[in-house]
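Novice: Chains as they are written, first to last, in the working numbering: chain A, 1 to 401; chain B, 1 to 177; chain C, 1 to 567.
If you are wondering where the hints come from, they were derived from the structure by calculation, not from laboratory data.
Virtual Cβ for every residue (Gly too), placed ideally from N, Cα, C.
Please note: incorrect hints may appear among the correct ones.
In silico DSS-like pairs for lysine-lysine, Cα to Cα no more than 30 Å straight-line [what the hints assert, rightly or not]:
1. C:305 to C:202
2. B:153 to A:325
3. C:231 to C:202
4. B:153 to A:206
5. C:305 to A:222
Some chain A residues close to chain B (C-beta under 7 Å, calculated; not the full set) [what the hints assert, rightly or not]:
6. 69
7. 70
8. 251
9. 257
10. 262
11. 328
12. 331
13. 333
14. 346
15. 348
16. 353
17. 355
18. 359
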Amino acid sequence: MTAMPDAMFTSEPDLLFDAARDGPDGLRTEEMLINMGPQHPSTHGVLRVLLRTDGEMVVEAVPHIGYLHRCAEKIGENLQPYQFIPKTDRMDYLAAMNNNHVFSLAVERLLGVEVPERAAYIRVIMAELNRIASHLVAFGTYGLDMGAFTAVLYAFREREYILDLFEAACGARLTYSYITIGGVTFDLPERFIERLAEFLDYFEPKIDEYDRLLSYNHIFVKRTAGVGVISAEDAIAWGLTGPCLRASGVRWDLRRCLPYEIYDRFEFDIPVGRPGGGGIPRGVVVGDCWNRYFVRMQEMRESVRILRQCIAAIPAGEVRAKVPKNVRLPADEVYFEGENPRGQLGFLVVGDGSPIPWRVKARGPCFCNLSITSHVCRGVLLADVPAIIGSIDIVLGEVDR
Amino acid sequence: MTPEEVASLIGSAFPDAVVDAPMNTLHPAVGVVPDRWREVALFLRDDPRLRFNLLRCLSGVDRIAEGRIELVYDLMSLRPAGDGRPWSCGAVAAVRIGVPRDGGSLPSVADVWPAAEWHEREVYDLLGVSFDGHPDLRRILCPDDWVGHPLRKDYVFPVEYHGIPGSTEFGQRSPRH
Amino acid sequence: MTEFTAQDVIRPRWSPALRARAIRRFMLAGLIIMIGTGVAAVCLEIFGRSLSPLWLTVGIVLPSVLAFGALFVVFAITAHALLGRLLKRLAFVLFIGSLAGIVLTAWGASLLFGLVDRIVAARPDPIAQTIFGGELTTDEIVRFFAATPEDPKALEAPPALEFVAYLLWPWQFRLLRDLVLALVILGFVSVTASFAIWWERKVAGRIQSRLGPMRVGGWHGWAQGIADGLKLVQKEDIVPGRADGPVFRLAPYLVFIPVLTAFLALPFSDRWVLRDLEVGLVLVLGLLGIDVIGVILAGWASHNKWSMYGALRVAAQMVSYEIPMGMALLLPVMAAGTLRPGAIGALQSGGFHTWLAFCSPFLFAAAGVYFVASLAACKRAPFDLPEAESELTGGFHTEYSGFRWAVFFFGEYAAMFVVCGLAVLLFLGAWHSPLPASWGESLAGGSWWQRGLYALLFSGPAWFIAKTYALLFVHIWLRWTLPRIRIDQVMYACVQVMLPMTMLLLLGQMFWQLLVPPDGITARAANIVCTLAGAAIVAAFVGTAGWGYLNRRRLVGPLAVNHLPGS
């Protein structure tokens, strides 16, 4: 590869749009427009990224979304809140419990409903289990993006057990609609807590195994360290949240910083991105792909910690507050954000005195996280584009809603 | 910092930019005149007392009875803490701007908060509010040749799109249960 | 080619009625041919008392073969469902049979050619020439068998002997002999590829804590490779609309045929080699280089930008890695002083410590360099950038499907076998076992079972294939463990690390051979150290794999094996 002058990648946009120009050695070079997606193995769904490439270099990457748009917000304006909960499952389908949770919390705030103690614990258990499941998929598919095929099967093996637990609790394996307004739909089945403890004992050492397999793998580190670096300022400015924000060194987690539900009762840390050295591979920078990946690995450990505390403290009692099915929403509005595996999921629910909300707005974390793509994928290699998009860990169901 | 304090700060800096908005709700928001929004946004971001660096959400609400579309900007200010401690939330605030339904527009803040770029495109796409000075104001979720803005309350569902038959539940043109 | 429309899905062109008609026609044709043959045979018996073998061949043997072929096709069409079930039962027999067939064909062919050679040598009139520049006439063959020392022409040859003579006659031509041997190699490559496909999937399954193929053929899905091949062959033949048709069709064969040709000079043992050429190594390297052209053409002709990326990556990567690969090969060539594969192999017969990789520290390092370069030259992970599916959606073969895609993969597995075979030949003792061949010399010249024992214990094709497969396993192992490298890192590793390294190794080996006396204390010490290191590496690999296999249930943890708490 010949070295390209830096000016080629940082110059004026109109210069970048020139189809052909004279290269450094008097060679006539031509840029190529190429569609990555909507059907592409590493766009994690139906994302289309329009790449303008100069050889192996990506000059510009423009994401095009909307292939999965179902206008869930319009549906939300036509359904009662409890009817909308299954629709939230279909947004971030890898973290459906968390979506149910956040939407229920938003509506509960609007209605002023208090959730019973046991229900709150069950919600936290489900949310954290689903966080682990979601991060497992992120870990596995990121390995796949990097060409390491084995990680994904390990991840799905463990996720399978979590899905079994969910199935035991609510009968569904992907779209649960388990957490609902006022609590949860059913109490936990028999032996659920024992099985959960069994799973945690099994799962915790596995994270070390993943670290040995992938996180500290020399090639993996070479592929991800220092790639797609997002500074803390950029991350905040582009509205990044969740692991993507924390990887940039911002120690910000709604569960700790603005606790909701019963998260203030638990002891856990907020993992953030760290520079290389002291156990972290050399070459790693704060805010790069490796840190975004590794923050998720550490968050799984923290979730295990929270789950263990839940197991120790879960009380007996009611699992659902008395909320009438046909409750009229007050003529008020509420905006509530909760910490999802991929970032802060927000719901704006506007009531108008009828049982059906006037407006439901979902602020998807993936939507905001993805918007930084074209900023980061500039002057990177073609192989870095899957690395960056994979490390942002999007679910197109939520981007397009 | 409470929303009232944020409102009074903006009010003292831009006396003619703030309009009255109810503050005793679950989602208190400062009312701002559309024309002055850009200056207010810069003030919100750069004023050392406020420093709203995170645009959390931009929602559009179609208030069809009042003939306007209400835009709600949810802002948050993240403040770094010392080593190893979680960052703190300096302030949470919302800004409410009403624009007319027909041909309404307001200045874009995509250069103030880059996060607004896609949010504004979404509002443009689904509610038909245009943003002046937006770098790339195209539809984002709907196809480029889509007709109408789906989240408007008087939106009529298309019966057909490029030969794909469209139907709603019970065949209603404008469903409302 | 006709257009494929939705109507064909609803009512396929190859309808049951059509099939029945085809069957009737085939049966009629077969019947006519058989009756015709019978009539011809009777006529010949009546009118021509002297039954010429030529007539015998043309009049009886050929029509019969055709008739039976037609009958077989009819049977296959009518009973393809039945065949499928039969195949499931018989497939293992077929698999073993094809292996045995390959070996027997090779063995039988060598016997046959030996016989023909003896006839040629024994012929009384060396000047006589037949057509096509042949040296033998059928008469001479008949005389060779029928002759008595007293009077060569005393006996009248029986017709059967004459028939045999006609069958033997063509084998005096080298071209025909090579055709048979090429078929043997094709068979070997096919079996290797279909075995390697199954093996790869099986190993991948084990590594990924699952089972891999378990269905086809019964025992551990061993027939998966054959089933994959059958599936690919019957798939629709797709050429993208704006692709460069002829080039698109040609490219897979440009990949496959050079690799196949490389087997020409690859010695499976001292006698099991098609041509032990003086420049055998150069030939193999050159043929592996042609591979690249096919891949580039495939990527270019597909009319797909991702394919073109794959093609350009191939051009950059494979061509670059052939340099360190070739330079690493120069070291054993220097040590052996010859390019003839057979001679290099024969040099390493003295047991484990005489294998070339352990002869000097430079050769030891070169073996490692060669292995890495061979991974890259075969486009295997972690160097599988040309087909990186997470980046290029399949790279150069994005647009390929069905049979042509299968040809690409046959080519890839065959190339893997060739490069691993080269490593075995040049560094790891070729066809010799770790035991010194001299220990078994008494067996080598003994009866057939002694010779068999010698082949199993000391040297022979079995050792060559086993060692090559062991290296193949390492290829597979790496693929399912390591992530993929980025293109700039690939090129960096080649140009800035491996190329200077091989140059230094080459220089080092040169000075080693110049300055270090072969029987001196330095050479012996180096030999011992390298041998121990090599033994340790082999032991570590085998130990890791074996330990992992034996503890495969314990290692994954209790819940992964006994899953499903709810059930």
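Novice: Going through the numbered hints above, which ones does this structure break? Give me the numbers in ascending order.
Specialist: 1, 4, 7, 10, 11, 12, 16, 17
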